[in-house]
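Chains as they are written, first to last, in this note's numbering: chain A, 1 to 474; chain B, 1 to 474; chain C, 1 to 474.
The hints are simulated quantities; they were obtained by calculation from the structure and are not laboratory data.
There could be a bad hint or two in this list.
[As the list claims (entries may be wrong)] With a cut-off of at most 27 Å between alpha-carbon atoms, the simulated DSS-like pairs for lysine-lysine come out as follows:
hint, chain 1, residue 1, chain 2, residue 2
1, B, K467, B, K242
2, A, K19, C, K19
3, B, K19, C, K19
4, B, K19, A, K19
Single-letter residue listing:
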Amino acid sequence: MTRISLPPDRYFDPNPDQKRIAMELYLSVAEAPVVSPHGHVDPRLFADPDASFGTPADLLIIPDHYVFRMLYSQGVRLEDVGVPRVDGGLVEQDHRKIWQIFAENYHLFRGTPSGMWLNHELHDVFGVTEKLNGENAQAVYDHIAALLATPEYRPRALFKRFNIEVMCTTDTATDPLIHHQQIRESGWDGDIRPTFRPDAVVNILTEGWSENIENLSQVSSVDVHSYATFVQALENRRAFFKSMGAKATDHAALTPYTVELTPAEAEAIFVRALRGQATAEDETRFTAHMIVESARMSIEDGLVMQFHSGSYRNHNQLLFERFGWDKGADIPVASEFTRNMRPLLNRYGNDPRLTLILFTLDETTYSRELAPLAGHYPAIKLGPAWWFHDSLNGMMRYRRQICETAGLCNTVGFNDDTRAYPSIPARHDLSRRVDANWIAGMVVRGVVDMEDAREMIVDCAYRLAIKAYRLLTP
Amino acid sequence: MTRISLPPDRYFDPNPDQKRIAMELYLSVAEAPVVSPHGHVDPRLFADPDASFGTPADLLIIPDHYVFRMLYSQGVRLEDVGVPRVDGGLVEQDHRKIWQIFAENYHLFRGTPSGMWLNHELHDVFGVTEKLNGENAQAVYDHIAALLATPEYRPRALFKRFNIEVMCTTDTATDPLIHHQQIRESGWDGDIRPTFRPDAVVNILTEGWSENIENLSQVSSVDVHSYATFVQALENRRAFFKSMGAKATDHAALTPYTVELTPAEAEAIFVRALRGQATAEDETRFTAHMIVESARMSIEDGLVMQFHSGSYRNHNQLLFERFGWDKGADIPVASEFTRNMRPLLNRYGNDPRLTLILFTLDETTYSRELAPLAGHYPAIKLGPAWWFHDSLNGMMRYRRQICETAGLCNTVGFNDDTRAYPSIPARHDLSRRVDANWIAGMVVRGVVDMEDAREMIVDCAYRLAIKAYRLLTP
Amino acid sequence: MTRISLPPDRYFDPNPDQKRIAMELYLSVAEAPVVSPHGHVDPRLFADPDASFGTPADLLIIPDHYVFRMLYSQGVRLEDVGVPRVDGGLVEQDHRKIWQIFAENYHLFRGTPSGMWLNHELHDVFGVTEKLNGENAQAVYDHIAALLATPEYRPRALFKRFNIEVMCTTDTATDPLIHHQQIRESGWDGDIRPTFRPDAVVNILTEGWSENIENLSQVSSVDVHSYATFVQALENRRAFFKSMGAKATDHAALTPYTVELTPAEAEAIFVRALRGQATAEDETRFTAHMIVESARMSIEDGLVMQFHSGSYRNHNQLLFERFGWDKGADIPVASEFTRNMRPLLNRYGNDPRLTLILFTLDETTYSRELAPLAGHYPAIKLGPAWWFHDSLNGMMRYRRQICETAGLCNTVGFNDDTRAYPSIPARHDLSRRVDANWIAGMVVRGVVDMEDAREMIVDCAYRLAIKAYRLLTP
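Okay, chain A solo, but in the shape it has when bound (with noise of 0.2 Å):
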């Protein structure tokens, strides 16, 4: 039997100052609460105050693409971790057979984020000592069941024992919000709040788009017929999300390009839309425009803007056709800001009313375009490390990139971007114990001294979050 390793000075550098120094620091943070500004919880577990997750099955494997995406790439088939067909074929259901093709290949997370946080879950949250392997699968298996059934591990309590101060979901522009409003209604004081994504009514392309704008009519009750009455029911959804606590929005787009159209030719595009005649030209500048429409209406309505891009979807057509969205298909593709995002910020840039989080999945960015930018504008701030860059090694290159020339000030802390419940613990943790470890290599090499350590550490878990996320007003 090996125990799980989780060393409480683990992710330091190995230097014995720098080591305590870090340690010093995470501590002064490893208990403040949890800030949760952008991730992609189902708010429906906080809903019904006795919702449950399931089997161990369903909570760690089945939805998560970072786990069976690798599982995948090493010749397990998706049918066989229970992962659903779209057209309802016939996959496992065996929970503890999915489990156990798991657990034997649980050594293919060896130094990988998912393994991290999977490590620390299973012992912290679950009170599981010994690594998971093919043997005891079975009896791990039974542990964290007979847990799930208990209300100790409803997601409502989790919430609390996982000291989250806030936590915001990521919501359609159509969605009526109605587990916020049980949340809400419920007279439970967890703080979870929506987030506007109108990505499904603004990429004209996307499938479904034409009842998407039904919807829109129809939650918004403004008729949707031509740009200004698209425009004029957006603004009405996010004066509702805003109603319902959202403090920012969401954009994605394939590339971060950015222009505006006259009124015309946004119009022209929009009919085209609706009689099915658009084309993707069509889409990338209309896309394109929104994005810099929506930072008008930022300005306007104070929601803070968030622009993820540069993520290829579906890449994999065979396994989109069969299991649909969000199956470890997912793609990075290089990016370009410096040109792209001109239009927008030559227009809103300087404008002080707007905050304008930038993500990307293109590392190079760090240092040529993002830092540059943000270092500059006022309206510019640079989202955390995300998706495969938010591991040990993906956040060390982001802060030694970034903040030389970004300066700490012009970043936002940290997002965990997860749908994943029970790793939120373990994602910022991790996250607070790099940027401790980040930090004391700076103290050690005399760049900064304990005196502004102890503020940056601060900053890092839980201040810049707060500020740039605009949370502390109601």
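Chain A is already provided as a structure; the job is to place chains B and C on it using the hints.
Same frame as chain A, now just chains B and C:
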């Protein structure tokens, strides 16, 4: 006199804990057999039991573009270090003079991988203890020349001394593999295998392509007069290579572009090529198509597929005209895999029978494209840090930027990729030290425990190469 | 009160062995003369023996876009820190208020190169011992203002105190070099040399180009009415600059594109430009051609050629209109050297008489393109980490990504590249510490021995710059 500095704990981080663990891990594989699945050693060296390496300059300078490009960059003429001219023009014949130039410029290699390899070779292979310089140049020359005259320094003897378990050469599609045949027939038990490299018949604008196609007809006994017969001839040659022990193919292209042509288009381009009327666009598309077609063949015959892209060959026109190929003037270009590889991957990327090993000269693709692709598609594995990046820092960047997302399991161990036979132990040793130090760095940071670390180092040094190149089967 | 933290072993890795060796290496060059072959200090400062720096804000804030861009990114208006408006509009005149804003925001510079330089300047140049903040702002202002009024703080006096052996300024092609002339005639022995920068006459769409060409005619006494006379006038100016002590030229372009036009095409474009009819394409091609043509001139007159590319100048249109050039709104773009530089390199890259020093703002080109080019072509040398990358981590990345392939020998030492005269010692000191630490890191890893290390640090701090910029000859 200064001794060559080769401390036993070299290349490890200086932290005592990390160094101790790195040493323990390194020692566990230091004597492991060398697996060399991709390289460019001339099989002729092993065909004749009495083959000799010539002079020290013949061995270490004249054929090694890593060495003479650095001299050239500092103003040494290639003629002066004996690099043969295409036109047979006069170049330095006095190998002692060549050696003297090399020795006087030995400081240029400070901190470079060539410097590390050369020190290792001189010391461990030839027992030279003094650091090379202008003063001791001739004495060192004498010493090496004397050794090269002894039976212990025949290629076959060194093969045993180097503890090479298997070595794969690189051979054109039309190569009759006479030397491989001679090796097999000689009864000598060194395991040397050919690799099928069809670039010279696939890239239809290559100089001498028509003759190459004629050769292909001849050696395959398939009259190549159409695309269909071309494919047939290739399949014939692959079968022959396989019968001679080949386990893999190797393909090169400027970009990793892939596309599947219709049979009609493939035929049309091939016919234009036969008529000498192919365009640059034809070549690009045909090469991209043949990459996809080669994946199909690999699925059928089980040969592992290697794909190297991103080198702008013969960048220096003047040098190319005077000295030909492979003279240190190949310069990398930026590469794009996400979009370029999609046609191939959507066709064959989910097929577990395919192993497609990708190599890049563009390190920005490590974390952005290659690791996400390899961490998802069952067919994709990642080749080691290649060429300019096969260095102490380059290999560390590779590990740190790839393994968190792809997992160690989706990499293939080390390739020495060298023409410089006596540098093979040095190259594998450097790689093993870098990997040991990388893993030790994770141990002291609590990322993996020693149990995992001991497995990982054996994977890196031996098992992953054996598995990826399917070398266990005879 | 907190003291400014400047530990003697700052910027070194914390490992005791590495730190001890880094310190030994650093101390061997800490007092070496400063060689400053590329910078932007105003020669006027040295023409008048009684020139003064003005107020502390005049010296440290108002002209330094590194400083005020960071304040601007956090919402401080440039008017409020005294940055002059193009239209002469009102900006803050009270330099104590400007200083107060700066001091209250001093924490924004934590961990940035500006912060490191400022701490060094305040402490070592001005004897300030307290960390700057809102409370002590006015006392520190008084202290510095008093020093600036003394003869010891005249520019010439500091030149001696800073131990500057030679400093090169940057001067437009039409500059009559009056201040340089005055320096020479004054009998003062400070070695200050001009650098020939022809961008304003070469880039045919530059604002004011026609006037620049008229000026060129005037100062060269060559009537510039054609491409041929343009070249003649440039050659004339280069000869004049050379007679005034210039050792180098400097060229800037958005991309490193090079092309050789036919004389007819060059003439045609130039004539269109004279008529005010040049297109953007004309400018791109003409600039690219003039880069090649400048290499030809360098081969003939022996001036070292510097080429800086990759900066999108004046990205922020509003700011540009209000405040003009060099206001911290220049943002890097991705660059490509392999294909773009090939025309120039195929023409002149093998000529040992040419020294062409390349600078980049795209760190991805370090290992992919620049190191392989410099490690092959005799004409190419690599300028140091530039602008945003001239930082503790930036310089480490430069060394690690370039020197294994290019060799230290193909780099050119350090440039301070600064307008901020009193920051020169701080910048050279940081660079020397980074290099000492880099080399020490190789010593403790057994990559180089101390004998080599001692040579390498002198190369980095002094010899490479002297050699590359040909500063040994008078």
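Which constraints among the numbered hints does this structure fail? Numbers only, ascending. none
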